[in-house]
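Residue strings, one per chain:
2 protein chains.
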Amino acid sequence: MSTLDVMLNPKAAAVVGVSTTNPFSPGNVIFRKLRFENQLDAFPINPKGGLVEGQKVYKSISEAPEGIDLVVISVAAKYVPSVMKECAERGIKAVIVVSGGFSETGEAGENLQNEIVEIANSNDMTMVGPNCIGVFVPRVLDTFFLPSERVARPREGNVAIISQSGGWLVERLEEYAARDLGIAAAISIGNAAQTRVDDFVEYFGNRDDISVIVAYIEGFPEGEGRDFVESASSVTVNKPLIVLKGGKSEAGHRATQSHTSSLAGSAEITSAAFKQYGILEAIDEDEVMAYSKAFSFKLQQMQGSRIGCLTVSGGHGVIAVDEGDHYGLEFPQFDKSQRDAMREVMTPSYRDISSFRNPCDLTGSASDIDYERVLDVMLKFDNIDSALLLLLPYAPGISLQIGARVANVAKRYQKTVVSYVPYLGKYEVIIRGFELNGIPVGDTIEEAVQMLNGIRKRSEFLQRMGKLRAEK
Amino acid sequence: MSTLDVMLNPKAAAVVGVSTTNPFSPGNVIFRKLRFENQLDAFPINPKGGLVEGQKVYKSISEAPEGIDLVVISVAAKYVPSVMKECAERGIKAVIVVSGGFSETGEAGENLQNEIVEIANSNDMTMVGPNCIGVFVPRVLDTFFLPSERVARPREGNVAIISQSGGWLVERLEEYAARDLGIAAAISIGNAAQTRVDDFVEYFGNRDDISVIVAYIEGFPEGEGRDFVESASSVTVNKPLIVLKGGKSEAGHRATQSHTSSLAGSAEITSAAFKQYGILEAIDEDEVMAYSKAFSFKLQQMQGSRIGCLTVSGGHGVIAVDEGDHYGLEFPQFDKSQRDAMREVMTPSYRDISSFRNPCDLTGSASDIDYERVLDVMLKFDNIDSALLLLLPYAPGISLQIGARVANVAKRYQKTVVSYVPYLGKYEVIIRGFELNGIPVGDTIEEAVQMLNGIRKRSEFLQRMGKLRAEK
Numbered sequence: 001m002s003t004l005d006v007m008l009n010p011k012a013a014a015v016v017g018v019s020t021t022n023p024f025s026p027g028n029v030i031f032r033k034l035r036f037e038n039q040l041d042a043f044p045i046n047p048k049g050g051l052v053e054g055q056k057v058y059k060s061i062s063e064a065p066e067g068i069d070l071v072v073i074s075v076a077a078k079y080v081p082s083v084m085k086e087c088a089e090r091g092i093k094a095v096i097v098v099s100g101g102f103s104e105t106g107e108a109g110e111n112l113q114n115e116i117v118e119i120a121n122s123n124d125m126t127m128v129g130p131n132c133i134g135v136f137v138p139r140v141l142d143t144f145f146l147p148s149e150r151v152a153r154p155r156e157g158n159v160a161i162i163s164q165s166g167g168w169l170v171e172r173l174e175e176y177a178a179r180d181l182g183i184a185a186a187i188s189i190g191n192a193a194q195t196r197v198d199d200f201v202e203y204f205g206n207r208d209d210i211s212v213i214v215a216y217i218e219g220f221p222e223g224e225g226r227d228f229v230e231s232a233s234s235v236t237v238n239k240p241l242i243v244l245k246g247g248k249s250e251a252g253h254r255a256t257q258s259h260t261s262s263l264a265g266s267a268e269i270t271s272a273a274f275k276q277y278g279i280l281e282a283i284d285e286d287e288v289m290a291y292s293k294a295f296s297f298k299l300q301q302m303q304g305s306r307i308g309c310l311t312v313s314g315g316h317g318v319i320a321v322d323e324g325d326h327y328g329l330e331f332p333q334f335d336k337s338q339r340d341a342m343r344e345v346m347t348p349s350y351r352d353i354s355s356f357r358n359p360c361d362l363t364g365s366a367s368d369i370d371y372e373r374v375l376d377v378m379l380k381f382d383n384i385d386s387a388l389l390l391l392l393p394y395a396p397g398i399s400l401q402i403g404a405r406v407a408n409v410a411k412r413y414q415k416t417v418v419s420y421v422p423y424l425g426k427y428e429v430i431i432r433g434f435e436l437n438g439i440p441v442g443d444t445i446e447e448a449v450q451m452l453n454g455i456r457k458r459s460e461f462l463q464r465m466g467k468l469r470a471e472k
Numbered sequence: 001m002s003t004l005d006v007m008l009n010p011k012a013a014a015v016v017g018v019s020t021t022n023p024f025s026p027g028n029v030i031f032r033k034l035r036f037e038n039q040l041d042a043f044p045i046n047p048k049g050g051l052v053e054g055q056k057v058y059k060s061i062s063e064a065p066e067g068i069d070l071v072v073i074s075v076a077a078k079y080v081p082s083v084m085k086e087c088a089e090r091g092i093k094a095v096i097v098v099s100g101g102f103s104e105t106g107e108a109g110e111n112l113q114n115e116i117v118e119i120a121n122s123n124d125m126t127m128v129g130p131n132c133i134g135v136f137v138p139r140v141l142d143t144f145f146l147p148s149e150r151v152a153r154p155r156e157g158n159v160a161i162i163s164q165s166g167g168w169l170v171e172r173l174e175e176y177a178a179r180d181l182g183i184a185a186a187i188s189i190g191n192a193a194q195t196r197v198d199d200f201v202e203y204f205g206n207r208d209d210i211s212v213i214v215a216y217i218e219g220f221p222e223g224e225g226r227d228f229v230e231s232a233s234s235v236t237v238n239k240p241l242i243v244l245k246g247g248k249s250e251a252g253h254r255a256t257q258s259h260t261s262s263l264a265g266s267a268e269i270t271s272a273a274f275k276q277y278g279i280l281e282a283i284d285e286d287e288v289m290a291y292s293k294a295f296s297f298k299l300q301q302m303q304g305s306r307i308g309c310l311t312v313s314g315g316h317g318v319i320a321v322d323e324g325d326h327y328g329l330e331f332p333q334f335d336k337s338q339r340d341a342m343r344e345v346m347t348p349s350y351r352d353i354s355s356f357r358n359p360c361d362l363t364g365s366a367s368d369i370d371y372e373r374v375l376d377v378m379l380k381f382d383n384i385d386s387a388l389l390l391l392l393p394y395a396p397g398i399s400l401q402i403g404a405r406v407a408n409v410a411k412r413y414q415k416t417v418v419s420y421v422p423y424l425g426k427y428e429v430i431i432r433g434f435e436l437n438g439i440p441v442g443d444t445i446e447e448a449v450q451m452l453n454g455i456r457k458r459s460e461f462l463q464r465m466g467k468l469r470a471e472k
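Just so you know, the protein sequences line up as chains A and B, in that order. According to the numbering used here, the residues represented by the first sequence are 1 to 472, in order. According to the numbering used here, the residues represented by the second sequence are 1 to 472, in order.
Keep in mind that the hints were calculated from the coordinates and are not lab data. Among these hints, one or two may not hold up.
Put simply, identical chains are the same to the list, so a pair is met inside one copy or across any two.
[To be verified] The calculated DMTMM-like cross-link candidates involving lysine to aspartate or glutamate, where the alpha carbons are at most 20 Å apart (straight line), are:
{"no.": "1", "residue 1": "Lys93", "residue 2": "Glu250"}
{"no.": "2", "residue 1": "Lys457", "residue 2": "Glu149"}
{"no.": "3", "residue 1": "Lys426", "residue 2": "Glu66"}
{"no.": "4", "residue 1": "Lys426", "residue 2": "Asp180"}
{"no.": "5", "residue 1": "Lys275", "residue 2": "Asp124"}
{"no.": "6", "residue 1": "Lys78", "residue 2": "Asp352"}
{"no.": "7", "residue 1": "Lys411", "residue 2": "Glu250"}
{"no.": "8", "residue 1": "Lys457", "residue 2": "Asp286"}
{"no.": "9", "residue 1": "Lys85", "residue 2": "Glu110"}
{"no.": "10", "residue 1": "Lys426", "residue 2": "Glu149"}
Computed from a predicted structure; not experimentally measured.
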């Protein structure tokens, strides 16, 4: 069991820096979460002692009870070294420093930071931070010092997220919670003084319960960029690692304010390195969401780039093809025998107004059964590697059952199937029908196309590494 | 008063093709909407007579009561010419043909279509369609033949939307309704056999209550593309015309299935023509939403491309700058006197952890008052043309009041101000605080940046035309 296992699943924790006068101080917010939400044995620490939430406040780590395996430190920067030393004396191996005032503030802070790294290293302690918002593991651990009523908590899932920006990470939690997608862990690494992005990438890479790793990275100190991509290479053959690189433009790079951050300097070189090592680079937050959502499902790989598109609105088909073309996805034309095969299974009275080209437009007159049957024919075609389903539930013939019905058809084939359903509360039954049956749903046409593009890019990498599953 | 005025605001309407046996037939759906939602004098027509919804069914247009000024036709294609003739005889000037089975189905349909155009033209009738889902004007008129429980209706506003795809149009209504944005009218023009996109562009161009026109276009028959951009030029000097062109890729063009559609053939030439005539081309549906939302507000024009960015999360600032850079927006550096001026108004205890560069990061410790005061200083700077506000309401110091408070600061200046607030129900008070006070809110960072890009592109066109408002 590594210290990261201990850090992310502690038996008992102490929070240093709990106020007896301000219930909204970060330490108090963290203490309440650990104690009452996560139901941990949690101990508040303040040199003044007293009571917090009816519980005894210990005056120091040294006085605190036995069994603490994680300490969260939220005191002014200058007090952090002495708290760290006490932790070392008690043999504590996992520490999260949420306090700011270190290297991000200049030379004095940098010296303080070096001091705490030295304490951690020489005592075999694993430290996350400083200047971070901490660690979140659904139901288990939540050190985010933002009030619970301000930040939504996603359910448990198989996506791990690591971020150099706390604000960015919080927003992903909101997004996952709103979309009812699950995460396994969210790590705000702050200044990454000791534990770095690559440490977590490697750790999550070895955990079987995690299917996707997402990282937001603004920059690396000299040399660490190379460490990152190299350590990533042992992970990416087994699971997708998605990276959004902030500060790619010159102005954006200046905005990271980190003059030491450089991964060989240019966005092009970074992107090329990512690609070489099988890291899926997302161009923006939408792609982060599209990729992480897609890979959180157990998907078929894509043997090629050829898409069969099934729609009930011609305009949506046109837009999907334009967007797919942008990503290099192909929409092969169906020949007469293919068109006839699809036409034959369509309700006779609507056959003549439907189009069986690619995209195949069943029109607003189509019913669930038409959609199911035509897809069942299309997925047998040798000239497509995957299917893109555009599902507008406005037409009277489409029922809320369609998600589950169509997903059950898709299950019979070894082909990637991705759907688009407008993201509206009233279509939740359709979306869940798809997703609970293994078909990811894009909230926009573009997201569905980006999911296919991500799956294809990953399949290409696996192909290159000789790891693509053979088609059955 | 033009016939389009009559069509979009009729006193009484007839629906030809109402079934006495199937209450869900398109004609019945339309009739119920006109009669019970729009409270129009609406008359159902069916040769068999009888009763529908307790109301007398007239056997033909000829037998129907006096005063009908709009007829909606929803019968099989082959019966449409004779119904059109009856309408002509009754002196009816506005007809919407929702029936399909015309030029979209081949030569026989094309002949039928020519026949109804001839009837309309020789009788001074204005016809929308055929093969369309009709016309929607909030509270006034709704001929969309989709059941009301399937399609949301946006509130009244100042955006007019014209679409060659019914499905695409329906999705915009959903989107506007979900976002509580208003529209003035939505037109599904179908085959555009007589009334074309350019007719509606010109008509909406002359209506003072309409501030923005949005069009989704897949293609034009020979010669009509030129007509379109030229007629647009008289409109675009007065109000923004936003166009999304479907079928720009070769595969997408094939998907439009329209072999006659061509605006000089290539996407590049189309885009260049759009730009020359001041048409704002959106690259995807997200940009359509960003542009139409932005221009539905009365905004300050942008004298240049220089943005001052104010954030409470460094990562969000970095991402906004990367995205702005992509669109050619600039984030000028603030000099020491500017940084000092902002620092001075910040709460003393948080001054030292804030960054007053551009983006200016007030951190998660900032309160409403800090945000207000720093913006008040920033908007006075000569080296920015607009402000981009990134507002993450996770931090305890940010209240739900902040939208209205900050918007009230922005009102004092002649500069474009656009905000980003995560689009979540719990932040509705903030979003409305901004929007009711004239500041458009992007639901993603990208949308906020796209809004600025759209405003800048339009300002550049007005500058070129000598129509940019001088800075006061």
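Consistency of the hints with the structure:
1. Lys93 - Glu250: The answer is neither: 40 Å in one copy and 60 Å across copies each exceed 20 Å.
2. Lys457 - Glu149: neither (39 Å within a copy, 40 Å between copies)
3. Lys426 - Glu66: For Lys426 and Glu66, the Cα distance exceeds 20 Å both inside one copy (52 Å) and across copies (42 Å).
4. Lys426 - Asp180: both (15 Å within a copy, 16 Å between copies)
5. Lys275 - Asp124: Classified as neither: same-chain Cα gap 35 Å, cross-chain 63 Å, threshold 20 Å.
6. Lys78 - Asp352: Between. Shortest inter-copy distance 15 Å satisfies the 20 Å Cα cut-off; intra-copy 77 Å does not.
7. Lys411 - Glu250: neither (46 Å within a copy, 32 Å between copies)
8. Lys457 - Asp286: within (16 Å within a copy, 24 Å between copies)
9. Lys85 - Glu110: within (18 Å within a copy, 86 Å between copies)
10. Lys426 - Glu149: between (26 Å within a copy, 10 Å between copies)
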